[in-house]
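Protein chains: 4
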Amino acid sequence: MIRIALLGYGYWGPNLLRNFHENPRCELVACCDLDEKKLAKVRARYPSVHVTADPAVVLGDPSIQAVAIATPISTHYAVARRALEAGKHLFVEKPFTASASEARELIDLARARGLLLMVGHTFEYSPAVLKIGEIVKSGHLGKIFYVSMTRVNLGLHQKDVSVIWDLAPHDFSILFHVLGEKPAKVSALGRACIQKGIPDVAFINLEFPSGVVAHLEVSWLSPSKLRSVFIVGSSRMLIWDDTQTVEKVKIFDHGVNYKDPETFGEYHLSYRTGDVVSPKIETYEPLYAELDHFLTCVETGSRPRTDGESGLRVVEALELAEESLRASLR
Amino acid sequence: MIRIALLGYGYWGPNLLRNFHENPRCELVACCDLDEKKLAKVRARYPSVHVTADPAVVLGDPSIQAVAIATPISTHYAVARRALEAGKHLFVEKPFTASASEARELIDLARARGLLLMVGHTFEYSPAVLKIGEIVKSGHLGKIFYVSMTRVNLGLHQKDVSVIWDLAPHDFSILFHVLGEKPAKVSALGRACIQKGIPDVAFINLEFPSGVVAHLEVSWLSPSKLRSVFIVGSSRMLIWDDTQTVEKVKIFDHGVNYKDPETFGEYHLSYRTGDVVSPKIETYEPLYAELDHFLTCVETGSRPRTDGESGLRVVEALELAEESLRASLR
Amino acid sequence: MIRIALLGYGYWGPNLLRNFHENPRCELVACCDLDEKKLAKVRARYPSVHVTADPAVVLGDPSIQAVAIATPISTHYAVARRALEAGKHLFVEKPFTASASEARELIDLARARGLLLMVGHTFEYSPAVLKIGEIVKSGHLGKIFYVSMTRVNLGLHQKDVSVIWDLAPHDFSILFHVLGEKPAKVSALGRACIQKGIPDVAFINLEFPSGVVAHLEVSWLSPSKLRSVFIVGSSRMLIWDDTQTVEKVKIFDHGVNYKDPETFGEYHLSYRTGDVVSPKIETYEPLYAELDHFLTCVETGSRPRTDGESGLRVVEALELAEESLRASLR
Amino acid sequence: MIRIALLGYGYWGPNLLRNFHENPRCELVACCDLDEKKLAKVRARYPSVHVTADPAVVLGDPSIQAVAIATPISTHYAVARRALEAGKHLFVEKPFTASASEARELIDLARARGLLLMVGHTFEYSPAVLKIGEIVKSGHLGKIFYVSMTRVNLGLHQKDVSVIWDLAPHDFSILFHVLGEKPAKVSALGRACIQKGIPDVAFINLEFPSGVVAHLEVSWLSPSKLRSVFIVGSSRMLIWDDTQTVEKVKIFDHGVNYKDPETFGEYHLSYRTGDVVSPKIETYEPLYAELDHFLTCVETGSRPRTDGESGLRVVEALELAEESLRASLR
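Residue numbers (the numbering used here), protein chains in the order written: chain A, 31 to 360; chain B, 31 to 360; chain C, 31 to 360; chain D, 31 to 360.
Some hints could be false.
The list makes no distinction among identical chains, and a pair is therefore deemed to hold if it is satisfied within one copy or across any two copies.
[Said to hold, decoys possible] Calculated lysine to aspartate or glutamate pairs in the DMTMM-like style (CA-CA distance at most 25 Å, straight line):
{"#": "1", "residue 1": "255", "residue 2": "312"}
{"#": "2", "residue 1": "226", "residue 2": "211"}
{"#": "3", "residue 1": "67", "residue 2": "164"}
{"#": "4", "residue 1": "226", "residue 2": "164"}
{"#": "5", "residue 1": "310", "residue 2": "283"}
{"#": "6", "residue 1": "310", "residue 2": "346"}
{"#": "7", "residue 1": "226", "residue 2": "283"}
{"#": "8", "residue 1": "278", "residue 2": "346"}
{"#": "9", "residue 1": "255", "residue 2": "84"}
{"#": "10", "residue 1": "310", "residue 2": "353"}
{"#": "11", "residue 1": "310", "residue 2": "272"}
{"#": "12", "residue 1": "161", "residue 2": "349"}
{"#": "13", "residue 1": "68", "residue 2": "211"}
{"#": "14", "residue 1": "167", "residue 2": "329"}
{"#": "15", "residue 1": "278", "residue 2": "292"}
{"#": "16", "residue 1": "167", "residue 2": "52"}
{"#": "17", "residue 1": "289", "residue 2": "190"}
{"#": "18", "residue 1": "289", "residue 2": "315"}
For the record, the hints were derived by calculation from the structure and aren't laboratory data. Computed from a predicted model, the values in this text were never measured in an experiment.
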């Protein structure tokens, strides 16, 4: 039975607490937050969980093996550092840190101490992303040409981070997982429409070493909620529409047949459209699977699928996109 | 009765011929194309139309007041120049020319000769675009924040021009018409997936003097046909989905209420979602309305709504986008 | 503070318990169910609620003013009768009873004892149905011509009642509420596809005194989940699609203009299509509003909007539909 | 080269004329209509076609082997009778005749004279219906449980026939083709909303010898155009949505697993949801294929797939539905 503490009970913390609580492999023994009102909520719902406003209480308890961090992004680094120094295995919410240099330091520290470091890229544990990853890796789509992603809706504006740091972590982690590579180049255009200095819409371009190009649109200002991913390959094409309740993933047996005129002497290009298949996608809570994976790694010492390096490459891309967007605003 | 000749009977020419033929205000007297097979088709369908492979025959006929050019893009300039020099009023298909400098020369020449010059940006005569233009100009959407456009489908790959020169003329003319301004900056990322040197997917960013940012995705390689425009304003938001047969345009009475913390002392941001209205859109053929407008301008000497300047600003943006995309491919 | 007991903690009971628990105007003091495992769940989640397998304990407690019944349909009558005889105000889940005669007896008994009797037709407290009811009553749609409703999905087959008794109570209560009348005639065709003697698909026709005709399709065997209502009026038409997350209700300013040839001497019929409007629909939990209304009625002695008569007319229609369907199976 | 004449150039006739004209296997030599304005149109578009207002001219021409009838329904019988008596092979538009007795007489007459008789149930030549027919016949869906069909839109009201005779011929021919049987019982409810005595909405129930039940809704008064067919089988389920431009047909690998409690001692029912597949559907004009089949039958003497019997069973069902609807209106 792994003993765990949760640091941060804000927007996402309650989901972590609930899932740890329901998992019979661990005991969520303590929850720490600076806001007394939030602690009162924990007390009411989970009387068995010890609550405190002082992280030192949690970190100083040698019976606690692991901590999960769901505090504001800007504090991830400092809190994570203290937890690692206290010898705790670590689960950190996405985005991993507020900068790539912070991420690298934490990775080094965890390695030096022999501690587990996992980043909460929940989508990489979702049935749809796992299925899409398998499909791409199997070669079923052929060589990937390009990817186009959209994650837009009305709200919720953040006070401290741009829409890129808020929404793009999801898509970047999905994209890098599916492609199995990280981008060579990232750029962005955007605008701070509502709050000065806080961009709320961004168009992000990514270029990958393999030649794949990708685009991601993120916005807090869209009349419609869109969650779509188009993956275009040389053999087949795939659309994932996560706003659908059924047939979320579709594989189109469509493509282009092309004979290179330099080789074949004459130009020939034709289009093929075939069946469209929506594979059955399992339904389970990705967060439960994610946290269960964390527990397995704590138990076995194995490397988590979304480790510090995985968190780092997302932070690197966020940093590049944000920097490019900021330059465009000047 | 205006006497008109058509130069070029390829992909789009037949539509021009049919519409001129049906319009009682003009007589389409001659059609010129280098391909004898195409001329044979004209002869079969329109026995009264004189067909010829030699443009000189048409341009030398003093009874012909106006010509419409629907030849390949690369030839627009040369054919248009000859027509103007022959004293003909001119209708040129979109995109106007293969470069901005060509466009400027033709504008100057037409002005010097006192001849009409109109560019066939058909969408600017479509009921949906006219309606959207009115809505934006009326201030109903408030201040425009950003625009996101998508024009993707499977095919048709061109041999000589990129997807930008093939598809983006539509969206650029729509966008500049609706916003009433031309972009200060245009950039693009893309890829030539199928044919070497012919990009078939592009992500284009545009920045406008007013602060509006816009994004356009064009592709010949998409599993689904998408034709969408999102216009986000400070008061309301609008979506135009041209793949729908009904409710193509929707106005969302959605928005963000924000009190600037510097003024009001505290942060306050809330979301408003109200009714969604699909205004009735008239149904008529935009091309007929466009050509009828051309005839009116020939008759009255008035300036066409899509004049040479209008065609030029589209060509300028195409040139910038293509250049930026080409730089990214290097 | 009204003291309430819940009888029946099966499929729907937990929703009632949660909502009563969250409502500060009442105290849910006891919960009764024959299944000890279900009582254990109540104990775990709501330690303050007294649990028992014996309804006599609840009904004999004079401090309890009202009871809510969520037992299987076949037991509604017997349990409700005992509760009324024990002097309790009564909330009964839909469908009210297993037969119209049972319903009439309970209505009479409640009236004789001066007790409140409310039936849980939750949809009549939902924002969409209230909005649609207002729209129809306001005359905005004109005279209602016909209504077409569909409520189909895959599952859940019941062991004891047909799909009519399982799904049609929702639509009948919605329909009668919106039209403000009950049907003069009900008939149905259906089939027991999976379980012998338990019809799992039914096509139900209804004729109303005003001349309105209506159709309802209910099925446990549909590949797609559909929840749609079409209301066609002489001035406008309305569609409610409850599977949508946005724009659930749409009003079409469409219609037919017709001059009667007997009056006008010649036949003239034309079609009008105008704007489509999706009015904003509030979002709150209908069940909370329903139970809050029950509490208000208990406090004030006012007549509930979904009283026994309201429950009776639904049961009458179910009885007629089932009878007609059974006849077709013979 | 088969020589053919067309009788009737109203709503549908122009489509027949165009398709016969384009088919190199026949020569459409004459077109007959009582309306001189329509004949003028034929003259303008097809100068080679002889036009006349007198059917005797056509029927008396021994060089004409076959005639196609596209006159108003009420005249089908008389015109067809004359054509058969004149020794012409016969193509009659749907619905075959205005009554079953008329249809039987024509079948007998054609048989007695050794003449071909084909009814224009175009949908039975459409790629989607052929595909669905194959799928059902192959047993891929298992045993068919029920079918639900909808064909509704705004307009076009007919002056002389109800919405049943106008729209249901399509669905009846599709349904009987796919199921391979004709109904044992047909009933309908409807209403004449706009024109007295001309029902414009109808809900039709059908029962088949095999146990299949089916429902069809037809309306000229719907705010949305719907063209859908749900076919529910014991192994799989199918939806055909003909308003879609892509993925019109979908096969759902969904079903119910049921162990009969009488056999297995205990009740067990579970649901299976699997992949959804949209098979590629060919795209060609059904009318061309239909008329080409007619020409083949004329040439070879083989029995057409939609022969008189096929037309008769549709007329029988229309008659029953109309009769039932009329009874409900009294």
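message: To test your reading of the hints: which numbers does this structure violate?
response: 3, 4, 6, 8, 9, 10, 12, 13, 14, 15, 16 and 18
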